[in-house]
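Q: Counting in the UniProt record's numbering, the sequence shown runs from 1 upward without gaps.
It is worth saying that the hints were derived from the structure and are not from the lab.
Any given hint could turn out to be false.
To be verified - Derived BS3-like pairs (lysine-lysine); straight-line CA-CA distance at most 25 angstroms:
no.	residue 1	residue 2
1	Lys-633	Lys-613
2	Lys-205	Lys-193
3	Lys-358	Lys-205
4	Lys-518	Lys-498
The structure displayed is predicted, hence computed values, not measured ones.
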Amino acid sequence: MPMDINESQIKAINHNKGPMLVLAGPGSGKTLVITRRTAKLIEEYGVNPHNILVITFTKAAAEEMKERFCRLTSGKCNGVNFGTFHAVFFTILKYAYRFQASNIIREEQKYQYMRDIIEQNNLEIEDEKDFISGIFSEISLVKGEGLDLEHYYSINCSEEVFKKIYTAYDNKLRRANLLDFDDMLIMCYELLKERSDILSLWQKKFQYILIDEFQDINRVQYEIVRLLAIPENNLFIVGDDDQSIYRFRGAKPEIMLNFQNDYPKAKKILLDTNYRSSANIVSKAASLVKNNTKRFPKDIKAVKPYGQDVVIKTFKELKEQNSMVVANILQYYKLGMPFSNMAVLFRTNTGPRALIEKMMEYNVPFQMKDMVPNIYDHWIAANIIAYIKIAMGNRERGLFLQIANRPKRYLNRECFDGPYVEFAKLREYYRDKDWMIDRIDKLEYDIHLLKTMSPFAAINYIRKGIGYEEYLSEYADYRRIKGDELMDTLNELQEAAKPYKSYEEWFEHIEEYKAELKEQAVNRQNKDRDSVTMATMHSSKGLEYEAVFIVDANEGITPHRKAVVDADLEEERRLFYVAMTRAKEYLHIYSVKERYNKELACSRFVGEILLDKEKLIPGTKVDHKTYGVGEIKENRQGRLVIYFERLKKERTLDLEFCVQNMLLTII
1 MPMDINESQI KAINHNKGPM LVLAGPGSGK TLVITRRTAK LIEEYGVNPH NILVITFTKA
61 AAEEMKERFC RLTSGKCNGV NFGTFHAVFF TILKYAYRFQ ASNIIREEQK YQYMRDIIEQ
121 NNLEIEDEKD FISGIFSEIS LVKGEGLDLE HYYSINCSEE VFKKIYTAYD NKLRRANLLD
181 FDDMLIMCYE LLKERSDILS LWQKKFQYIL IDEFQDINRV QYEIVRLLAI PENNLFIVGD
241 DDQSIYRFRG AKPEIMLNFQ NDYPKAKKIL LDTNYRSSAN IVSKAASLVK NNTKRFPKDI
301 KAVKPYGQDV VIKTFKELKE QNSMVVANIL QYYKLGMPFS NMAVLFRTNT GPRALIEKMM
361 EYNVPFQMKD MVPNIYDHWI AANIIAYIKI AMGNRERGLF LQIANRPKRY LNRECFDGPY
421 VEFAKLREYY RDKDWMIDRI DKLEYDIHLL KTMSPFAAIN YIRKGIGYEE YLSEYADYRR
481 IKGDELMDTL NELQEAAKPY KSYEEWFEHI EEYKAELKEQ AVNRQNKDRD SVTMATMHSS
541 KGLEYEAVFI VDANEGITPH RKAVVDADLE EERRLFYVAM TRAKEYLHIY SVKERYNKEL
601 ACSRFVGEIL LDKEKLIPGT KVDHKTYGVG EIKENRQGRL VIYFERLKKE RTLDLEFCVQ
661 NMLLTII
């Protein structure tokens, strides 16, 4: 064995038969373990390469794994089966049912089916893209977990509507003889359960199964793998329950946590050495993630020394935070760090608009890991812009159709019968209905008022004076989404319009921003360009950078406001942990005190990073923001009894409250 391999890795690589669980923390060399163990099986244990299956979750990861294995074996990589779950399961179905690639529904076809279903059911959906994406996630969940549709509670629409959509989509697929990825899993599982002869063939073929990123597995995938592994159960699973961040796709850390219940003879190895991050980053990340209850306890050690302190800062407002990020990036670059060694991470892909504009202003090259939706393409922005264009004199029918009943005015589509709209004709159409004439008069009056306003004032008037906010609240109820999310888009739009004095100036900026995003979409393919990576926490997984900036570390953003139950909060904490452990040397965590004139609290995760709960034992000296220095006398399951020197008495404090408000530090 080469000198650069540690003891835990050696044990995992040398494993021959039977099940094994390899817990691989961030930067612990899991790819090395999988590729070397595969080589070991062939070269020392005499296993036929054709009988080895290595499964990953993405095509890119499968190709990278195969490439690494080829380099390791000096090009002798023929025979080993490297593939994604979907590729493996489709191969099984292909042999059984003669399926072709043409039987798999294409992504754009899927979306077109869903658009047709929405239209056929006369559903009034403004945020069509988000709605469809949400519905597909739910369909995946229902299929992947084998849930009963009758008792499924949808988060995107009413149960009745979801059932209709689900059934219509399923029928469309069947009639066209098409499968989506979820069908592929279910059909594969049912086939292997019902046809022992076919199962036996694949069991003989895949005698050794190695799975990467096992924490991302869902229930059906796991059941298929379990069937394939019988009777030898040569299952070698590698992953980290602390990096399970795809619960919305059906992935659950519980599957990994229960592996040894399913396989009592399974050996367990912890790859406990982090080769990526400095000791300081590793210990701060551990301090955070140990607040989760559903996890394997781990003690991860860093090879690198302590390194730089993690920079944790709160800014008065977003503008200050973004200016600091850009200033830090330019400073690092000046000191010789390439832009490509830096990353800015955020919770959702709608978060970085203002930061993108700041990067553009300072000509900092950046690359988006995710497609960032253009806020000016959002349906709310389209409504606001339609109001403004009408105020500027445009009378196109399409613009009026966008705003006619936002808010509700009960204007019938038929009253807009020509390509252009005249208020006189609208009054003529409703001549015998005085209350409708009043509404038309009010609309014309509002449009007239908007004419001379600045973009910022206009948006304010549309939301408050015209009643657009009221309309958004009603729509949020109809869609079962939080009104806050829609208000955030409106707030951001208004904030973005602030610097511009006229509509023309604002529209010019909108076009420039659109062009920049288009260029970004092209640049995403250009891997050689020296640029800062900007990514969501989800898409940063598996990547690493010298310097990482986590922005908007605020309650409601991270953890996300949708995370209400404990399982969701634990997932959010794992996501923050993943973001932190992308950093090798420099980690900056930034939050803001207010956004859109609303006060924001710093994320509870920041408090958990700063205060390692395991160290809060009797005898520990602490410093309290209000009471000063004290000594812990007792820790009664979240209630701290501390004797404070200045007060000359004990106080009992709630630990959660102290953590969230960053009141305590260990001396």
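Q: Output the indices of the hints that this structure fails to meet, ascending.
A: The structure breaks only hint 3.
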